[in-house]
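> Each chain, written out:
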Amino acid sequence: MIYLQLLWSFFQIGLFSIGGGYAAMPLIQHQVVDLHPWLTMTEFADIMTIAEMTPGPIAINSATFVGIQVAGIPGAVVATVGCVLPSCVIVTILACIYYRLKGLTMVQGVLLGLRPAVVATVASAGLSLMILSFYGTRTLPADLAGIRPASVLIFAGALFILRRWKVNPIWVLVGAGAAGLLLSRFA
Amino acid sequence: MQSKKKQYWTLFLSTFQLSAFTFGGGFVIIPLMRKKFVEKLGWIDEQEMMDFTAIAQSSPGAIAVNASILVGYRVAGVPGALLTVCGTVLPPLIIISVISFFYTAFRDNMYVSIAMNGMLAGVAAVICDVVITMGRSVLAMKRVLPVVVMILAFLAVRVFGVNIMLVILVCGILGGVDTWRREKSRKERG
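Heads up: the sequence lines are chains A and B, in that order.
For what it's worth, the working numbering labels the leading residue of the first sequence as 1, then goes sequentially.
For what it's worth, the working numbering labels the leading residue of the second sequence as 1001, then goes sequentially.
In case anyone wonders, no lab produced these hints; they're calculated from the structure.
Treat the hints with care, since some could be wrong.
Here are the computed lysine-lysine pairs in the DSS-like style, where the Cα-Cα straight-line distance is at most 30 Å [said to hold, decoys possible]:
1. LYS1035(B) <-> LYS1006(B)
2. LYS1142(B) <-> LYS166(A)
3. LYS1040(B) <-> LYS1004(B)
4. LYS1036(B) <-> LYS1005(B)
5. LYS1035(B) <-> LYS1005(B)
6. LYS1004(B) <-> LYS1036(B)
7. LYS166(A) <-> LYS1040(B)
8. LYS1036(B) <-> LYS1006(B)
9. LYS1035(B) <-> LYS1004(B)
10. LYS166(A) <-> LYS1036(B)
11. LYS1006(B) <-> LYS1040(B)
12. LYS1035(B) <-> LYS166(A)
Could you put the whole structure together from the sequences, leaning on the hints where they help?
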């Protein structure tokens, strides 16, 4: 039963994350934090951090992580299969169409139409992570003064470095972790 | 028969290696694949690889998985696609399994927890950076519709808690209709 739930949830994540990369993030949050009690918001944030620092697509990394937490190694395999199943079917069909018709205007048009929606959903999920980082809670607390200065400082510094020098995010995260440890010495 | 076996093995091994060493995910794997399959092995031509990139991005799911399906299918049909999917999926599956094992043991450690909090702020910054870059590309289309869609989609998800899958579906249909109308008027104008 739990295997079927895992398969179905990650099938939906695989099916609706279009455009790759971070497009999957809001869907993963929806399925594994909001809809099913599989991960806490903190665990979800952790897996996003781990996914960023390890090779492989975010969706596959999350599928493995969630699968193991919920139902061990078989769970990981089931979740991963669910995640790639839509790709296998749809991409194979598109490949056939491509070799017959050699035209992709419509597909690209739909993709272009999706881009604003993907930006919006990623922004929303990013905001959730930001609130968790700054306040340690899922939603904005009533008392906004309880903000963690160290987190805000690291966030601002990391964003500046990323925009200014386009460095690899992995190094930014390593630096952010080190900065967190360093700042905790003074706090 | 021997050469076919060797081809399968090369397909699997190549995608396995690419997946195991591609950090950052998503788009990063495309140029590496091009180097391997176009330049080194010569199994796929340049134009095809560019079209593969477009299809991989337009299809649901991870770009790396989609691109490897296309490469596998092109080289050795459906069995080839299955092999390359396995090659692409196995490295993250193994690596994350190992990490999950340690995660439960280490997460309660105070220093790990502090470092993870710092990294969380870093991840928030990485995502913010991605959103700024992607948002700019939407503004660069210089059309009103995408900007309106972006704002409405954000409000729908954030404020009104509309299901993300519904938002994606509606925007996909909207994009399709919009493209169809523009194509039509372009043809009419000649």
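> Hints first: check each against the structure and report whether it holds.
Okay, the hints, checked on the actual structure:
1. LYS1035(B) <-> LYS1006(B): Holds - the C-alpha atoms of LYS1006(B) and LYS1035(B) are around 20 Å apart, at most 30 Å.
2. LYS1142(B) <-> LYS166(A): 25 Å, holds
3. LYS1040(B) <-> LYS1004(B): 18 Å, holds
4. LYS1036(B) <-> LYS1005(B): 19 Å, holds
5. LYS1035(B) <-> LYS1005(B): Roughly 22 Å separates the two Cα atoms, so the pair holds.
6. LYS1004(B) <-> LYS1036(B): Satisfied, since the Cα-Cα distance of roughly 18 Å is no more than 30 Å.
7. LYS166(A) <-> LYS1040(B): 29 Å, holds
8. LYS1036(B) <-> LYS1006(B): 16 Å, holds
9. LYS1035(B) <-> LYS1004(B): Between LYS1035(B) and LYS1004(B) the Cα gap is close to 22 Å, so the pair holds against 30 Å.
10. LYS166(A) <-> LYS1036(B): 25 Å, holds
11. LYS1006(B) <-> LYS1040(B): 16 Å, holds
12. LYS1035(B) <-> LYS166(A): Since the Cα atoms of LYS1035(B) and LYS166(A) sit roughly 23 Å apart, the hinted pair holds (cutoff 30 Å).
When the structure is compared with the earlier hints, no violation turns up for any of them.
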